[in-house]
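Student: Let's have the full structure, built from the sequences with the hints guiding it.
Chains as they are written, first to last, in our numbering: chain A, 1 to 109; chain B, 1 to 167.
Treat the hints with caution; some may be incorrect.
Claimed, not checked - When the alpha-carbon atoms are kept at most 20 Å apart in a straight line, the in silico PhoX-like pairs for lysine-lysine are as follows:
id : chain 1 : residue 1 : chain 2 : residue 2
1  : A       : Lys63     : B       : Lys86
2  : B       : Lys81     : B       : Lys55
3  : B       : Lys103    : B       : Lys160
4  : B       : Lys86     : A       : Lys77
Quick caveat, the hints were computed from the structure, so don't treat them as lab data.
Take a look at the letters that make up each chain.
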Amino acid sequence: MWGARFHKTNDGNMVVDVFLEHGTYDRFKAFQTASRLDETHALVQVLQRGMTDYWLQEFKHLKESYSPLEKMFTEFKRENEMLKAIERENEELENILKDNAKRRREAKT
Amino acid sequence: MKTDAENTDNNAVSHKGRKDVIAALEEVWSREKVHVKISIPEEAAEKLEEFLKEKGLSRRDAVPMLIRYGLPEESDEELEKLRSEKESKMNRIWGEYATTKFKAYVYFTENGPLTRRLPFSLAKNRSLKRQLTDVGLLSLVPRDEWDGWDDAVVDEYFRKYVFRSCL
Numbered sequence: 001m002w003g004a005r006f007h008k009t010n011d012g013n014m015v016v017d018v019f020l021e022h023g024t025y026d027r028f029k030a031f032q033t034a035s036r037l038d039e040t041h042a043l044v045q046v047l048q049r050g051m052t053d054y055w056l057q058e059f060k061h062l063k064e065s066y067s068p069l070e071k072m073f074t075e076f077k078r079e080n081e082m083l084k085a086i087e088r089e090n091e092e093l094e095n096i097l098k099d100n101a102k103r104r105r106e107a108k109t
Numbered sequence: 001m002k003t004d005a006e007n008t009d010n011n012a013v014s015h016k017g018r019k020d021v022i023a024a025l026e027e028v029w030s031r032e033k034v035h036v037k038i039s040i041p042e043e044a045a046e047k048l049e050e051f052l053k054e055k056g057l058s059r060r061d062a063v064p065m066l067i068r069y070g071l072p073e074e075s076d077e078e079l080e081k082l083r084s085e086k087e088s089k090m091n092r093i094w095g096e097y098a099t100t101k102f103k104a105y106v107y108f109t110e111n112g113p114l115t116r117r118l119p120f121s122l123a124k125n126r127s128l129k130r131q132l133t134d135v136g137l138l139s140l141v142p143r144d145e146w147d148g149w150d151d152a153v154v155d156e157y158f159r160k161y162v163f164r165s166c167l
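Tutor: Set out below in structure tokens:
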């Protein structure tokens, strides 16, 4: 039921059966009114423009999602370095304690 | 032990329950959307189908998206600016986006096991620092950002990297 479906009609046309967000629907009705087209011709024009501008709109979305991705990358990287630093420091501190114990043993003998 | 009849009944109930949940979700979802049924000429439908096939897009998601794309919110001037930006930057941004996404994924994947070990690593770190202090090596005890981490900070790491709530 969700998304879009096509049904073929008896006259050979296709019915686009689709759920649109309110904003998109309002823009479609505004476009239809402004262009003085019936629903069919308005939808054909809109779909045609959507196909023509497909890569342009994809580029726009890519640009919009790049900044949050970059932020996420920086955060993951910083936390990765921190988590590794804790384990690295543990090894270093263990070695210091071992060396210290060894020196003390040697001093006793 | 449940009988076969009881199991069949339970399956029927759970199937019905699932259908009810789906129906309820569809009801909520359709209230947030406008159901549109518009006839278009066969030629236009074929062109659309060909476009979807060529781009490997599903009809279900792509048709509402193409309608959205065909009704841009930007002015013609803004679109023209975007068009010339696309010409000069598309390849570079695609490349950077793909690389950054991959690197982010690698760090995210690595952070999962590191986070699972975090409670142990933190406890060990604190114990080692205490031992160094006890043997008189206070000057060798480093001061770190994680010294002040409490359970809430560790839980946040688990939420993000183990239970993956940030994705």
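Student: The structure should be examined with respect to each hint, and the outcome stated for every one.
Tutor: Verification of the hints:
no.: 1; hint: A:Lys63 to B:Lys86; in the structure: 10 Å, holds
no.: 2; hint: B:Lys81 to B:Lys55; in the structure: 25 Å, violated
no.: 3; hint: B:Lys103 to B:Lys160; in the structure: 17 Å, holds
no.: 4; hint: B:Lys86 to A:Lys77; in the structure: 29 Å, violated
Figure legend: structure checked against the earlier numbered hints; hints not met, in rising order: 2, 4.
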